[in-house]
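Enquirer: The residues making up each chain are set out below.
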Amino acid sequence: MKLFTILAKHKKAVLKKWLDSIVESYPQETARFLRNKKDQFANPVGYTIEVETEHLFDLLMEGMDREKVTPYLDRIIRIRAIQDFTPSQALYFVFALKYIIRHQVAEEIDSDALEQELVDLEASIDMMALVAFEVYMACREKIYDLRAKEIQQNAYLLLRRAELIVEKPGKDRIEDNAN
Amino acid sequence: MAAKTPSPEVVGQVDHHPPRKGWMDTKPEFKPGNYLYAAQPQNLEGVGLANPRTWNPLDDDWQLPADWKGTVREGIAERLQRYRSFKLFMDICVRCGACADKCHFFIGSGDPKNMPVLRAELLRSVYRGELKTAGKILGKMAGGRKLTEDVIKEWFYYFFQCTECRRCSVFCPYGIDTAEITIMARELLNLLGCNIDWIAGPVNNCFHNGNHLGLQPHTFKENVEYLLDDIEEYVGVKIEPTFNRKGAEILFITPSGDVFAEPGIFTFMGYLMLFEHIGLDYTWSTYASEGGNFGFFTSHEMMKRLNAKMYHEAKRLGVKWILGGECGHMWRVVHQYMDTMNGPADFLEMPINPVTGTVFNNASATKMVHITEFTADLIKNDKLNLDPSQNDHLTVTFHDSCNTSRGMGLLEEPRYVMNKVCNNFVDMAPQVTRENTFCCGSGSGLNAGEYLEMRMRGGLPRANGVKRVHEDKGANMLACVCAIDRAVLTPLMEYWVPDVDCCGVSELVGNALVMEGQGEREYNLRGEENPSYVPPPEPEEPEGEGEAEAGEEGAE
Ligand code: SF4
Ligand code: SF4
Chain A
1 MKLFTILAKH KKAVLKKWLD SIVESYPQET ARFLRNKKDQ FANPVGYTIE
51 VETEHLFDLL MEGMDREKVT PYLDRIIRIR AIQDFTPSQA LYFVFALKYI
101 IRHQVAEEID SDALEQELVD LEASIDMMAL VAFEVYMACR EKIYDLRAKE
151 IQQNAYLLLR RAELIVEKPG KDRIEDNAN
Chain B
1 MAAKTPSPEV VGQVDHHPPR KGWMDTKPEF KPGNYLYAAQ PQNLEGVGLA
51 NPRTWNPLDD DWQLPADWKG TVREGIAERL QRYRSFKLFM DICVRCGACA
101 DKCHFFIGSG DPKNMPVLRA ELLRSVYRGE LKTAGKILGK MAGGRKLTED
151 VIKEWFYYFF QCTECRRCSV FCPYGIDTAE ITIMARELLN LLGCNIDWIA
201 GPVNNCFHNG NHLGLQPHTF KENVEYLLDD IEEYVGVKIE PTFNRKGAEI
251 LFITPSGDVF AEPGIFTFMG YLMLFEHIGL DYTWSTYASE GGNFGFFTSH
301 EMMKRLNAKM YHEAKRLGVK WILGGECGHM WRVVHQYMDT MNGPADFLEM
351 PINPVTGTVF NNASATKMVH ITEFTADLIK NDKLNLDPSQ NDHLTVTFHD
401 SCNTSRGMGL LEEPRYVMNK VCNNFVDMAP QVTRENTFCC GSGSGLNAGE
451 YLEMRMRGGL PRANGVKRVH EDKGANMLAC VCAIDRAVLT PLMEYWVPDV
501 DCCGVSELVG NALVMEGQGE REYNLRGEEN PSYVPPPEPE EPEGEGEAEA
551 GEEGAE
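Just so you know, the protein sequences line up as chains A and B, in that order.
For the first sequence, our numbering begins at 1 and goes up steadily by one.
For the second sequence, our numbering begins at 1 and goes up steadily by one.
Heads up, a few of these hints could be off.
Pair ranges (Cβ atoms, derived) [stated by the list, open to error]: (1) B:92 to A:63: 37 to 45 Å; (2) B:214 to A:16: 52 to 60 Å; (3) B:217 to A:32: 55 to 63 Å; (4) B:174 to A:32: 46 to 54 Å; (5) B:92 to A:137: 32 to 40 Å; (6) A:86 to B:97: 45 to 53 Å; (7) B:60 to A:133: 33 to 41 Å; (8) B:142 to A:16: 34 to 42 Å; (9) B:308 to A:16: 57 to 65 Å; (10) B:214 to A:133: 55 to 63 Å; (11) A:137 to B:499: 17 to 25 Å; (12) B:97 to A:63: 40 to 48 Å; (13) A:63 to B:94: 36 to 44 Å.
Cross-link-like lysine to aspartate or glutamate pairs, in silico, DMTMM-like; alpha carbons within 25 Å at most [to be verified]: (14) B:113 to A:29; (15) B:140 to A:29; (16) B:21 to A:24; (17) A:149 to B:529; (18) B:473 to B:499; (19) B:31 to A:52; (20) B:31 to A:84; (21) B:473 to A:24; (22) A:37 to B:499; (23) A:38 to B:472; (24) A:37 to B:471; (25) B:113 to A:50; (26) A:149 to B:528; (27) B:21 to A:84.
Rather than coming from a laboratory, the hints here were simulated on the basis of the structure.
Ideal Cβ placement from N, Cα and C applies to all residues, glycine included.
Construct the complete structure from the given sequences, taking the supplied hints into account.
Expert: Set out below in structure tokens:
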């Protein structure tokens with residue numbers, strides 16, 4: 001596709017703008033840190049965003065694939081799902097990519113065929129967004145699930161002694177006896 | 001499909017930038033999930049703490065006591081007098097920023113007020129604005145501000161997002177320890193009755209019943225007996241420890257979480273097996289039945305009160321010295337405060353390992369030895385019969401707890417022990433281990449259920465280190481020597497690195513110990529089929545009954 005050839009030239013610029021748009025959802029001082037500190041251990045959030053946005057971009061060029069896109073999105077969303085963001089703030093970054101790409105290549109879209117290619121690409125990003133909703137929900141559900149589990153674990157032996165928990169051998173040993 | 005989607009321009013035009021305001025003008029917004037529940041009045045009354053009342057951080061009116069401003073001012077002044085470190089830390093910070101990005105809560109939450117320098121500034125600004133002449137006159141210009149209820153709310157919000165882990169202090173050229181500033185701020189909050197129930201409840205229970213959950217002596221004993229039954233079932237050995245036995249050589253104290261919480265109980269079983277294995281003359285106390293000390297997160301006085309029972313009980317039982325189990329903050333209290341607070345322990349003797357004869361000179365002041373030092377000494381002197389292949393399905397990595405690593409320098413002993421009881425030990429990267437370790441995100445009393453989401457933020461950098469060692473070296477078990485870690489790293493891993501489980505070092509020891517008269521070790525201490533178990537060769541029958549395949553199952 002012609003659009004992909006154009007986009008390949010703009011990859012660096014698109015990724016930079018995309019990273020900026022995510023990083024700037026944090027307060028100024030934090031944004032500076034996320035952008036500038038290049039160390040996967042000292043700055044795991046900035047590092048993850050940088051690495052995974054590139055994965056996502058490359059996948060978009062390769063052709064969107066639900067299976068493949070999930071882990072890349074997961075690594076970013078898993079972080080944003082527990083930070084101080086509303087769901088829309090946590091996920092807007094997927095939609096922002098559409099805006100960034102369209103702006104970046106606007107001047108080079110000089111034919112209907114190219115315009116159609118761009119619309120198709122945007123449809124792929126929409127698909128990415130749909131997967132993002134699922135990933136986000138899964139993260140939130142995990143939090144609720146962990147809360148419930150933790151209560152049981154913290155008083156594990158007392159519950160077991162009171163026969164409120166039964167056991168079976170193997171990995172998922174604990175079962176709620178309540179119902 | 002694309003036509004129906006809102007145009008990218010619309011999305012692009014929404015401003016996602018947070019508003020730009022000075023830090024003093026940004027107020028925290030309390031929302032369910034981002035604050036800890038307030039202390040219940042009966043838990044404050046039980047130990048005589050100030051301003052017991054029913055309140056909620058979501059309330060507008062926090063029902064602060066009359067003249068609360070005076071209380072805070074006097075509280076600061078008194079502490080500046082009493083603690084020279086506090087006075088120094090208030091005065092000498094040059095705002096170089098070296099500490100700013102070293103806090104796990106800042107890294108994980110992205111909230112700039114979790115930068116240690118800003119966290120300290122929350123209190124320092126009041127010190128300047130209320131107690132220093134320049135700040136009183138110049139106010140904001142001199143970095144000073146006045147006490148308001150909003151300041152107290154902000155303190156409550158951010159000083160309970162500091163786990164007192166001291167990581168920031170490692171990077172400060174002046175050695176400023178923001179943990180100490182948090183300790184002071186929490187003391188001041190306590191003067192107003194702004195405590196959290198997850199700390200106040202355990203403190204009250206511990207004071208009246210000897211442990212955090214308030215287990216009565218018989219319940220404590222019955223719990224231990226339950227675990228003894230499990231050992232009998234899985235290991236085939238009957239153990240009969242003693243409780244409150246006068247004249248025992250050693251008193252063993254460990255955090256009570258290990259007596260009822262998962263996976264701490266498996267570590268507890270490891271202790272019981274180890275002591276049986278070497279025939280140790282020791283006893284449990286059902287009164288000093290808690291190694292943890294949430295008084296440390298309340299005030300110096302409360303820490304002293306709760307810690308005192310260790311020596312009282314050692315004296316009453318007439319033991320020679322004390323052995324302590326795997327705990328983080330218990331060891332910080334023992335190592336840094338116990339001798340000055342409740343010592344000298346001149347009624348105890350210099351700890352000597354009765355099996356190896358090793359003199360624990362390092363414990364000459366407190367007369368209390370860490371279980372990992374003790375175990376390492378036993379292994380070094382070849383006193384344990386170990387079969388590390390029982391842990392072969394595990395690739396173990398180690399979380400250095402802040403308190404034992406930065407707080408007392410216990411770095412080599414756990415690694416030595418793990419290398420002897422497991423065949424596959426891998427360390428995480430040096431940026432995230434030993435003195436540089438990242439906190440579990442739930443220490444200093446923040447391990448409450450309602451705070452889980454915040455804890456996932458605080459624990460992010462730790463989990464990130466584990467994730468790397470999991471992906472690069474196949475680690476599937478995160479060991480630690482702290483009861484709070486065992487409890488909180490379990491959900492932390494489940495959220496961030498779900499293929500990694502969590503255990504105490506002594507659980508690994510227990511699984512590797514070859515006990516006299518033991519049965520087939522088909523099950524591990526968790527009652528799971530042990531994937532590393534190799535059944536003895538069958539004498540006659542050529543068919544192996546597929547049991548060998550058990551080794552495959554569950555190995556991840
Ligand atoms: S002591 Fe730990 S939690 Fe507290 S500010 Fe320093 S690094 Fe952060
Ligand atoms: S590193 Fe020390 S001197 Fe520098 S800002 Fe932090 S506390 Fe202040």
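Enquirer: Work down the list of hints and note, for each, if the structure agrees.
Expert: Structure-based check of all given hints:
1. B:92 to A:63: 37 to 45 Å: violated (59 Å)
2. B:214 to A:16: 52 to 60 Å: Given range 52 to 60 Å: holds, Cβ gap about 57 Å.
3. B:217 to A:32: 55 to 63 Å: holds (56 Å)
4. B:174 to A:32: 46 to 54 Å: violated (23 Å)
5. B:92 to A:137: 32 to 40 Å: Hint violated: Cβ distance 49 Å, outside 32 to 40 Å.
6. A:86 to B:97: 45 to 53 Å: With a Cβ separation near 30 Å, residue 86 of chain A and residue 97 of chain B fall outside 45 to 53 Å, so the hint is violated.
7. B:60 to A:133: 33 to 41 Å: For residue 133 of chain A against residue 60 of chain B, whose Cβ atoms are near 36 Å apart, the range 33 to 41 Å holds.
8. B:142 to A:16: 34 to 42 Å: holds (40 Å)
9. B:308 to A:16: 57 to 65 Å: Holds - the Cβ-Cβ distance for residue 308 of chain B and residue 16 of chain A, about 60 Å, lies within 57 to 65 Å.
10. B:214 to A:133: 55 to 63 Å: violated (44 Å)
11. A:137 to B:499: 17 to 25 Å: holds (22 Å)
12. B:97 to A:63: 40 to 48 Å: 45 Å Cβ-Cβ, so the 40 to 48 Å window holds.
13. A:63 to B:94: 36 to 44 Å: violated (54 Å)
14. B:113 to A:29: holds (10 Å)
15. B:140 to A:29: Holds - the C-alpha atoms of residue 29 of chain A and residue 140 of chain B are around 20 Å apart, at most 25 Å.
16. B:21 to A:24: holds (15 Å)
17. A:149 to B:529: Holds, because 22 Å separates the two Cα atoms, which is no more than 25 Å.
18. B:473 to B:499: holds (13 Å)
19. B:31 to A:52: Violated, at about 30 Å.
20. B:31 to A:84: holds (10 Å)
21. B:473 to A:24: With Cα atoms ~34 Å apart, residue 473 of chain B and residue 24 of chain A exceed 25 Å; violated.
22. A:37 to B:499: violated (28 Å)
23. A:38 to B:472: holds (20 Å)
24. A:37 to B:471: Roughly 22 Å separates the two Cα atoms, so the pair holds.
25. B:113 to A:50: Measuring from Cα to Cα gives roughly 24 Å; hence the hint holds.
26. A:149 to B:528: Status holds; Cα separation ~19 Å.
27. B:21 to A:84: holds (17 Å)
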